[in-house]
Amino acid sequence: MKKFIDILLLICSLGYFLLLCMIPTSWQNSQFPFGVGEPLPALVLPGQNAKEIADAFYKAGIVTNPLELRGWMARLGIDRTLKTGMYMIKKGTSWEVAQQLKEAVPSQEKVTIVPGSDLFSIKNAFPDMTEDEVSTLLQNTAIFPLDLQPLLPLAPETRVAFLLPDTYYVPEKKLEYVLKAGFTLWWKHFDTKIQNLSPHELLETAILASLVEREAKIDEERPLIAGIIKNRVAKNMPLQVDATIVYAWKREGENLSRVLFKHLEVDSPYNTYKKLGLPPTAICIPSIASWEAALKPAQTEYLYYVAGKDGQHFFATTYQGHLLNIRKIRGAQH
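Counting in our numbering, the sequence shown runs from -4 upward without gaps.
The hints are simulated quantities; they were obtained by calculation from the structure and are not laboratory data. Among these hints, one or two may not hold up.
[To be verified] With a straight-line cut-off of 25 Å between C-alpha atoms, the simulated DSS-like cross-links for lysine-lysine are: (1) Lys245 to Lys188; (2) Lys291 to Lys118; (3) Lys97 to Lys86; (4) Lys304 to Lys230; (5) Lys169 to Lys212; (6) Lys85 to Lys97; (7) Lys97 to Lys118; (8) Lys54 to Lys183; (9) Lys188 to Lys169; (10) Lys168 to Lys225; (11) Lys78 to Lys54; (12) Lys270 to Lys304; (13) Lys105 to Lys188; (14) Lys78 to Lys105; (15) Lys257 to Lys291; (16) Lys183 to Lys78; (17) Lys212 to Lys78; (18) Lys304 to Lys257; (19) Lys270 to Lys225; (20) Lys230 to Lys245; (21) Lys212 to Lys245; (22) Lys188 to Lys54; (23) Lys118 to Lys169; (24) Lys78 to Lys97; (25) Lys118 to Lys46; (26) Lys183 to Lys291; (27) Lys188 to Lys168; (28) Lys86 to Lys46; (29) Lys270 to Lys257.
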């Protein structure tokens, strides 16, 4: 008799479970609310996988078994479809939390990071923060992916270069959320490509990528320009990169629309007309194409380049060839 009752209870339990699976979740939520207590916040960032998302809900105190939550997310088909943003979810079993997630709509703010942005434009996008607060946040190593932390340069102006330019949907327009998302995506894209670099080599690569970003307009030319900069450094030639002059004046509070001869006299470590080698920090946030170029510069004998009216560059191995290119460009413009 006892065995019969046990079998009957098992059949009833399975039937109840199958019935719940067949009933729309929205109706279930209205009739049988999942979870207990007040909803708790949990953040899902761009680029996070199912394990990282489940861990986030565990750390938020919403679920006690993140591995089990991952299983239920997979069964419900939401392990790869959750949108980024802030979720308000009640504490409960892994199944209850997964059911809530299936219907939940996160709160989101849209923030776009444009290639070529710098520390100053980031600050302007978040006017509620002071320059010191932005720098302090960037000096907080904990906001970077764990494996990237030992390789990080010290200067905030270079650390910001590890943001991946993209559009991010975050729970609120808060710089910390954008930075965490941007650094995470950068690491996912480049982790295997920088694994053999020392911290100093990564610093130089970040600086080179930022110079390429500001100098090149055409993706195919980026490796060529990266190679020329490396060639000039190797030959102890001044880089003479106008973008560094613009950045030097920007640090002094003046935005240049055009570099004139008088601007080349600026007393700054970023003045690559007077100082040899790379500037001390990155000067902007590089695009993926600029990072790729800096990691794999073209191997050429070129030492000079000059931009035409349409942004396309002309390259030369000698100064005489460079002057000839300049005359060609000026002749085409008249």
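Now for the hints, and whether the structure bears them out:
1. Lys245 to Lys188: violated, 32 Å
2. Lys291 to Lys118: With a Cα-Cα distance of about 31 Å, the restraint between Lys291 and Lys118 is violated, given a limit of 25 Å.
3. Lys97 to Lys86: Cα-Cα ~15 Å, so holds.
4. Lys304 to Lys230: violated, 29 Å
5. Lys169 to Lys212: With Cα atoms ~31 Å apart, Lys169 and Lys212 exceed 25 Å; violated.
6. Lys85 to Lys97: Roughly 13 Å between the alpha carbons, so the hint for Lys85 and Lys97 holds.
7. Lys97 to Lys118: Not OK: Lys97 and Lys118 at ~36 Å, beyond 25 Å, violated.
8. Lys54 to Lys183: Judged against 25 Å, a Cα distance of about 22 Å means the pair holds.
9. Lys188 to Lys169: Since the Cα atoms of Lys188 and Lys169 sit roughly 30 Å apart, the hinted pair is violated (cutoff 25 Å).
10. Lys168 to Lys225: The given pair, whose Cα atoms are some 38 Å apart, is violated under the 25 Å limit.
11. Lys78 to Lys54: holds, 19 Å
12. Lys270 to Lys304: violated, 28 Å
13. Lys105 to Lys188: violated, 29 Å
14. Lys78 to Lys105: This hinted pair holds, its Cα atoms lying about 13 Å apart.
15. Lys257 to Lys291: At roughly 35 Å apart (the allowed maximum being 25 Å), Lys291 and Lys257 break the hint.
16. Lys183 to Lys78: holds, 18 Å
17. Lys212 to Lys78: violated, 33 Å
18. Lys304 to Lys257: holds, 23 Å
19. Lys270 to Lys225: holds, 15 Å
20. Lys230 to Lys245: violated, 29 Å
21. Lys212 to Lys245: The given pair, whose Cα atoms are some 21 Å apart, holds under the 25 Å limit.
22. Lys188 to Lys54: violated, 31 Å
23. Lys118 to Lys169: holds, 12 Å
24. Lys78 to Lys97: Holds - the C-alpha atoms of Lys97 and Lys78 are around 11 Å apart, at most 25 Å.
25. Lys118 to Lys46: Judged against 25 Å, a Cα distance of about 33 Å means the pair is violated.
26. Lys183 to Lys291: holds, 18 Å
27. Lys188 to Lys168: violated, 31 Å
28. Lys86 to Lys46: Holds - the C-alpha atoms of Lys46 and Lys86 are around 18 Å apart, at most 25 Å.
29. Lys270 to Lys257: Holds: Lys270 and Lys257 sit about 16 Å apart, inside 25 Å.
Of the numbered hints given earlier, the model fails hints 1, 2, 4, 5, 7, 9, 10, 12, 13, 15, 17, 20, 22, 25 and 27; all others are met.
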